[in-house]
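Asker: Each chain is listed here by its residues.
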Amino acid sequence: MISTWLWSHLPGNAWVKTLILLIAFVGLVAVLFEWVFPWLEPYLGIQEQTVGQGG
Amino acid sequence: MGGMLGTRVPAGSQARAPRGYRPCNVLTYAGPTMTQDTDTTPPSSGSTPREPRHRASGPRALDRVLGVTGELMIAAGVLLGLFVVWQLFYTDVTADREQSQIVEDFVAGITAAEPETTASAAPAVDVVETIPAEFQFTDDPPQMDQPAHAETFAVMYVPRWGEDYVKPIAQGVDKAQVLNVIGIGHYPDTAMPGELGNFAVAGHRTTYGKPFSDIDMLDLGDDVVVQTDEAWFVYEVVNHEIVLPTDVQVIAPVPNQPGAEADGHYLTMTSCHPRFSAAQRWIVHAELKYWAPVGHGVPAEMREDLS
Numbered sequence: 001m002i003s004t005w006l007w008s009h010l011p012g013n014a015w016v017k018t019l020i021l022l023i024a025f026v027g028l029v030a031v032l033f034e035w036v037f038p039w040l041e042p043y044l045g046i047q048e049q050t051v052g053q054g055g
Numbered sequence: 001m002g003g004m005l006g007t008r009v010p011a012g013s014q015a016r017a018p019r020g021y022r023p024c025n026v027l028t029y030a031g032p033t034m035t036q037d038t039d040t041t042p043p044s045s046g047s048t049p050r051e052p053r054h055r056a057s058g059p060r061a062l063d064r065v066l067g068v069t070g071e072l073m074i075a076a077g078v079l080l081g082l083f084v085v086w087q088l089f090y091t092d093v094t095a096d097r098e099q100s101q102i103v104e105d106f107v108a109g110i111t112a113a114e115p116e117t118t119a120s121a122a123p124a125v126d127v128v129e130t131i132p133a134e135f136q137f138t139d140d141p142p143q144m145d146q147p148a149h150a151e152t153f154a155v156m157y158v159p160r161w162g163e164d165y166v167k168p169i170a171q172g173v174d175k176a177q178v179l180n181v182i183g184i185g186h187y188p189d190t191a192m193p194g195e196l197g198n199f200a201v202a203g204h205r206t207t208y209g210k211p212f213s214d215i216d217m218l219d220l221g222d223d224v225v226v227q228t229d230e231a232w233f234v235y236e237v238v239n240h241e242i243v244l245p246t247d248v249q250v251i252a253p254v255p256n257q258p259g260a261e262a263d264g265h266y267l268t269m270t271s272c273h274p275r276f277s278a279a280q281r282w283i284v285h286a287e288l289k290y291w292a293p294v295g296h297g298v299p300a301e302m303r304e305d306l307s
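These protein sequences, in sequence, are chains D and V.
With the numbering used here as the guide, the letters of the first sequence map in order to residues 1 to 55.
With the numbering used here as the guide, the letters of the second sequence map in order to residues 1 to 307.
Among the hints, a few may not be true.
What the hints assert, rightly or not - Here are the computed distance ranges between Cβ atoms for each label pair:
(1) 163/V to 11/D: 51 to 61 Å
(2) 26/D to 128/V: 12 to 22 Å
(3) 44/D to 109/V: 34 to 44 Å
(4) 18/D to 304/V: 47 to 57 Å
(5) 44/D to 216/V: 17 to 27 Å
(6) 177/V to 26/D: 21 to 31 Å
(7) 20/D to 96/V: 28 to 38 Å
(8) 2/D to 109/V: 53 to 63 Å
As the list claims (entries may be wrong) - Cross-link-like lysine to aspartate or glutamate pairs, in silico, EDC-like; alpha carbons within 20 Å at most:
(9) 175/V to 96/V
(10) 289/V to 236/V
(11) 175/V to 34/D
(12) 175/V to 263/V
(13) 175/V to 41/D
(14) 289/V to 140/V
(15) 289/V to 174/V
(16) 289/V to 229/V
(17) 17/D to 71/V
Hints listed in this document are in silico derivations from the structure and should not be mistaken for laboratory results.
For glycine and all other residues, C-beta sits at the position ideal for the given N, C-alpha and C.
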């Protein structure tokens with residue numbers, strides 16, 4: 001299991017591990033929000049408000 | 001953990017349990033080790049060498065495959081959830097910030113260009129006067145050239161959407177540079193504000209500052225005010241319609257009469273419909289009431305109490 005493997009390979013006690021995971025998650029969200037999602041969005045085509053263009 | 005997995009031995013090994021191992025213990029552990037997966041027992045605390053964790057490899061392998069699959073599906077669900085949060089909330093946060101900055105810069109540019117009128121009026125009285133009737137014109141306004149792509153050339157006020165509603169209008173209707181960033185986009189080569197023909201603009205119904213979020217709330221007779229750096233243009237809503245994305249005749253010089261010679265000063269706003277969908281378009285048509293040069297106050301329509 002990924003979660004088990006991750007947990008056992010993180011250093012420190014449970015609090016330290018939780019803190020590390022929390023920081024990693026916030027970092028992941030930041031990367032997704034700033035770069036990944038803006039890049040991905042045009043390919044999904046769920047945002048169209050003009051007429052005659054790709055609609 | 002790795003060592004534990006490595007020492008896994010086939011079924012029947014419990015017969016070779018260490019001497020002195022209590023049978024009740026074996027029975028107690030036999031159930032959980034068959035069904036319970038390792039993720040519920042933190043290896044740091046739960047695993048002691050004496051535990052008979054080693055059972056048949058077949059079901060255990062299946063458990064692990066199912067477990068990892070489940071974890072990946074949870075991760076995918078979290079990713080999708082985050083995307084929705086980003087799309088519906090975060091894009092508004094960032095776009096609202098940028099768009100109000102653009103409006104601020106644009107309006108500051110107009111005010112700076114009119115020192116003789118604003119310098120005397122603005123500091124003295126806090127309330128800006130409304131445009132008097134002698135400055136309200138219905139003829140053709142000063143000619144405006146098509147701006148460069150993504151250039152902000154006007155702002156839009158819609159009293160129905162709140163006293164503080166103001167969004168920038170830029171040239172072009174692509175998402176990457178105009179609609180997602182600046183807000184309202186002007187269909188290139190349609191009329192400019194006040195010009196004979198159809199001044200056609202598009203805006204997001206949801207996300208990215210959602211300039212046309214409440215386009216369905218516009219009633220007949222509601223005012224839409226466009227301000228360029230030279231003039232105010234006051235339009236009055238005359239009708240709305242719901243069309244397919246391919247119905248480009250709504251932005252024809254005479255709305256819905258493609259090929260017809262321009263006969264009036266129209267404004268057409270297009271946005272998504274239904275909300276959160278791209279299946280149709282909500283179209284609002286408006287006609288010019290009057291235009292007025294800047295520097296003589298604001299249109300009285302912006303002061304109307306619509307509550």
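Asker: Checked against the structure, which of the hints given earlier come out wrong?
Answerer: 2, 12 and 15
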